[in-house]
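A.B. asks: Knowing the structure of chain R, use the given hints to seat chain H on it.
Read off the chains here:
Protein chains: 2
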Amino acid sequence: MFREKIKVLDCTIRDGGLMNNHNFDMRFVREVYKALSEAGIDYMEVGYKNSQRLFSSKEYGKWKFCNDQDIREMIQGIESATKISVMVDVDRVDVDDVLPKQDSPVDMIRVATYVKDVDKAIYLVNHFADKGYETAVNIMAISRALDNELTECLQQLEKECKARIINIVDSFGSLYQETTEFLIKKAKSILKTKEIGMHAHNNQQLAFANTIEAIIHDANYVDTTIFGLGRAAGNCPTELILGFLKNPKYDIRPILDVISKEFIPLQKKIEWGYFIPYAITGILDEHPRTAIALRESDRKENYREFYESLVGEVEE
Amino acid sequence: MFREKIKVLDCTIRDGGLMNNHNFDMRFVREVYKALSEAGIDYMEVGYKNSQRLFSSKEYGKWKFCNDQDIREMIQGIESATKISVMVDVDRVDVDDVLPKQDSPVDMIRVATYVKDVDKAIYLVNHFADKGYETAVNIMAISRALDNELTECLQQLEKECKARIINIVDSFGSLYQETTEFLIKKAKSILKTKEIGMHAHNNQQLAFANTIEAIIHDANYVDTTIFGLGRAAGNCPTELILGFLKNPKYDIRPILDVISKEFIPLQKKIEWGYFIPYAITGILDEHPRTAIALRESDRKENYREFYESLVGEVEE
Chain R
19 MFREKIKVLD CTIRDGGLMN NHNFDMRFVR EVYKALSEAG IDYMEVGYKN SQRLFSSKEY
79 GKWKFCNDQD IREMIQGIES ATKISVMVDV DRVDVDDVLP KQDSPVDMIR VATYVKDVDK
139 AIYLVNHFAD KGYETAVNIM AISRALDNEL TECLQQLEKE CKARIINIVD SFGSLYQETT
199 EFLIKKAKSI LKTKEIGMHA HNNQQLAFAN TIEAIIHDAN YVDTTIFGLG RAAGNCPTEL
259 ILGFLKNPKY DIRPILDVIS KEFIPLQKKI EWGYFIPYAI TGILDEHPRT AIALRESDRK
319 ENYREFYESL VGEVEE
Chain H
19 MFREKIKVLD CTIRDGGLMN NHNFDMRFVR EVYKALSEAG IDYMEVGYKN SQRLFSSKEY
79 GKWKFCNDQD IREMIQGIES ATKISVMVDV DRVDVDDVLP KQDSPVDMIR VATYVKDVDK
139 AIYLVNHFAD KGYETAVNIM AISRALDNEL TECLQQLEKE CKARIINIVD SFGSLYQETT
199 EFLIKKAKSI LKTKEIGMHA HNNQQLAFAN TIEAIIHDAN YVDTTIFGLG RAAGNCPTEL
259 ILGFLKNPKY DIRPILDVIS KEFIPLQKKI EWGYFIPYAI TGILDEHPRT AIALRESDRK
319 ENYREFYESL VGEVEE
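Sequences listed follow chains R and H, in order. For the first sequence, the residue numbers in my numbering are 19 to 334. For the second sequence, the residue numbers in my numbering are 19 to 334.
So here's chain R without its partners, still in its complex pose:
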């Protein structure tokens, strides 16, 4: 029953890091790595490879920079077949920070880009591919992309870019299944030589559903996070995708353990999941930053006021 080609990339530490300035301590990250390894997860994404000249290491934790020595410390002594991924943002990386693959514990570099920045993304991907890494592109904010520009972007990726995997990113958690189907089919029709992946957000409780929808239409790479940890409403839960995929190589039990031991206590420190302000930004196809700000204010349960502040800004 299972489709062997489907690979799971767990980005708990990377996407979850957006909620705590990438300040997970080494013990916690090693527990996650151990659980993912025992569960048979294919990739673990640990953070961003940002330039330390652009961001302060006083303000941000180590997973904002993903130095090779920190990754080595994370994996040391843990038996694993799980590959390591890091994310790179256009205009925030110093390519000289990235050593040739044979000198690094990193296996995959994923470049996150908006449609408009695809030329820069292709340059970066090809640079990293030439250094020996597996590469992927994550097309962010896809719900806002104009169809003609997305077409051109996908055509360029097919022709000019060495990335093996192109991921559709529902940054605002605004996609319904029909649009997910449309986007995955569109990507498949243009990206003849590449694999398609899905990165979903859970603002409208549709992250898992949209991930299944992408799989139905032949996406073979899926991004997930343990217990759905991730920015704002979070992501497609790793535990649910393991229940859905029938591949016997996966084992849900180490994920259940690490949720019990690490993620239940973490809920007292970081807030993520289904909250009405995140649902509202999802429904309205807006970035969740206003909702995150609301949740940190003393008006965090004033939902009608928040809704009206967003729909009241009529644009012409």
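Since the hints were made in silico from the structure, they are not lab data. One should not assume that every hint holds.
The list treats identical chains as one, so a pair stands whether inside a single copy or across any two.
Below are the DSBU-like pairs computed for lysine-lysine, each with C-alpha atoms no more than 35 Å apart in a straight line [unchecked claim]:
(1) K180 <-> K264
(2) K286 <-> K318
(3) K180 <-> K287
(4) K210 <-> K318
(5) K180 <-> K318
(6) K76 <-> K101
(7) K264 <-> K204
(8) K264 <-> K318
(9) K203 <-> K25
(10) K138 <-> K212
(11) K318 <-> K101
(12) K286 <-> K149
(13) K267 <-> K204
(14) K287 <-> K318
(15) K210 <-> K138
(16) K203 <-> K264
(17) K177 <-> K287
(18) K76 <-> K204
(19) K138 <-> K149
(20) K138 <-> K279
(21) K287 <-> K204
(22) K318 <-> K25
(23) K318 <-> K267
(24) K210 <-> K287
(25) K264 <-> K134
C.D. replies: Below, chain H alone, put in the same frame as chain R:
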């Protein structure tokens, strides 16, 4: 863009009542009725019409019995076009408790049944239809129904039953979109003269997605609950379906208000929503009763142990 035929039935008080023995106080229920009325919701289901000879009114609140005088008190003085629904379980109702429609504030009676009890359900439905009520059948535990028995059940409903609406009930929250599609198409193919509805549970965060899937395949009745309140993981959230449906008659703002004022405080008293034990029973297509018991015990976060207790019971 909207499909006018789609009707929303909010069963917050009925399904939510399964978590507190139907003990919502009158003030709370009136606030919900007011919000649903202002939001333009088509139906509100307030509880079960159970026989007071079978259940003790000391043990259960008034929404286990739904006496007409309680419903009259609930609606008094509130302007509303929202119709009132009550649910009846096979073998738990005294049909003589149900007055002719013209003497009752109830508009619709829905009979909940397993496939095996469909004959009893048809008898009840036809009795209530003859008394003048709108009627519906909710086919529970549909994920466990054998295909040939479901076919026969649907054929009987089409031929012998006066119910206008037949609802597919994913009691265990175990359906994925493909099976929802299969079941809705199957029901549509047999129930030529009836409307199809969907009642989803959220164990795997798929209640909203499965409801959308049912709508895509021409179900016109959807069950929802405010903030997803309902047994265990709860149901398809009313606020999300209002964001999805584009019918201008609906207004999400009264729902946002009542969540802020009533449901956020309620979360401190009743636990519902996405919890790992409910996800596990959903993945395994099991009734959530074991998970509910676990959540009430001192081992409520021992997920691996719980999972193994369920998968360890190998049946031959």
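A.B. asks: It remains to establish, for every hint, whether it holds in the given structure.
C.D. replies: For each hint, the structure was consulted:
Taking the shortest alpha-carbon separations for K180 and K264, only the intra-copy value of 31 Å comes in at or below 35 Å, while the best inter-copy value is 42 Å. With identical chains, the CA atoms of K286 and K318 are at most 35 Å apart both within one copy (17 Å) and between copies (16 Å). In the homo-oligomer, the alpha carbons of K180 and K287 never lie at most 35 Å apart, since the shortest distance is 40 Å inside one protomer and 54 Å across protomers. Taking the shortest alpha-carbon separations for K210 and K318, neither the intra-copy value of 46 Å nor the inter-copy value of 48 Å comes in at or below 35 Å.
In this assembly of identical chains, K180 and K318 lie within 35 Å of each other by CA distance neither inside one copy nor across copies; the values are 45 Å within and 48 Å between. For the identical chains of this complex, K76 and K101 are intra-copy neighbours only, at 29 Å inside a copy versus 59 Å across copies, given an alpha-carbon limit of 35 Å. Taking the closest pair of Cα atoms, K264 and K204 come within 35 Å of each other both inside a single copy (27 Å) and across two copies (25 Å). For the homomeric pair K264 and K318, the shortest alpha-carbon distance between copies (27 Å) is at most 35 Å, but the shortest distance inside one copy (40 Å) is not.
Taking the closest pair of Cα atoms, K203 and K25 come within 35 Å of each other both inside a single copy (19 Å) and across two copies (31 Å). Proximity of K138 and K212 under a CA criterion of 35 Å is satisfied intra-copy only: 19 Å inside one chain copy versus 56 Å between copies. When the C-alpha separation of K318 and K101 is checked against a cutoff of 35 Å, the pair qualifies only between copies, where the shortest distance is 33 Å, while the shortest distance within a copy is 39 Å. With identical chains, the CA atoms of K286 and K149 are never at most 35 Å apart, being 41 Å at best within one copy and 54 Å at best between copies.
In the homo-oligomer, the alpha carbons of K267 and K204 lie at most 35 Å apart both inside one protomer (31 Å) and across protomers (34 Å), since each shortest distance falls under that limit. For the homomeric pair K287 and K318, the shortest alpha-carbon distances inside one copy (17 Å) and between copies (20 Å) are both at most 35 Å. Only within a single protomer do K210 and K138 lie at most 35 Å apart by alpha-carbon distance; the minimum there is 22 Å, versus 56 Å between protomers. In this homomeric assembly, K203 and K264 come within 35 Å of each other (Cα to Cα) both inside a single copy, at 24 Å, and across copies, at 25 Å.
In this assembly of identical chains, K177 and K287 lie within 35 Å of each other by CA distance neither inside one copy nor across copies; the values are 45 Å within and 57 Å between. Taking the closest pair of Cα atoms, K76 and K204 never come within 35 Å of each other, the shortest separation being 43 Å inside a single copy and 60 Å across copies. Within a single copy, K138 and K149 get their C-alpha atoms as close as 17 Å, which meets the 35 Å cut-off; across copies the closest is 71 Å, which misses it. For a Cα distance limit of 35 Å, the shortest separation of K138 from K279 qualifies neither inside one copy, at 41 Å, nor across copies, at 48 Å.
Within a single copy, K287 and K204 get their C-alpha atoms no closer than 40 Å, and across copies no closer than 47 Å, so neither meets the 35 Å cut-off. For a Cα distance limit of 35 Å, the shortest separation of K318 from K25 across copies, 31 Å, qualifies, whereas the shortest one inside one copy, 38 Å, does not. For the homomeric pair K318 and K267, the shortest alpha-carbon distance between copies (28 Å) is at most 35 Å, but the shortest distance inside one copy (43 Å) is not. With identical chains, the CA atoms of K210 and K287 are never at most 35 Å apart, being 44 Å at best within one copy and 53 Å at best between copies.
With identical chains, the CA atoms of K264 and K134 are at most 35 Å apart between copies only, with a shortest distance of 30 Å across copies and 38 Å within one.
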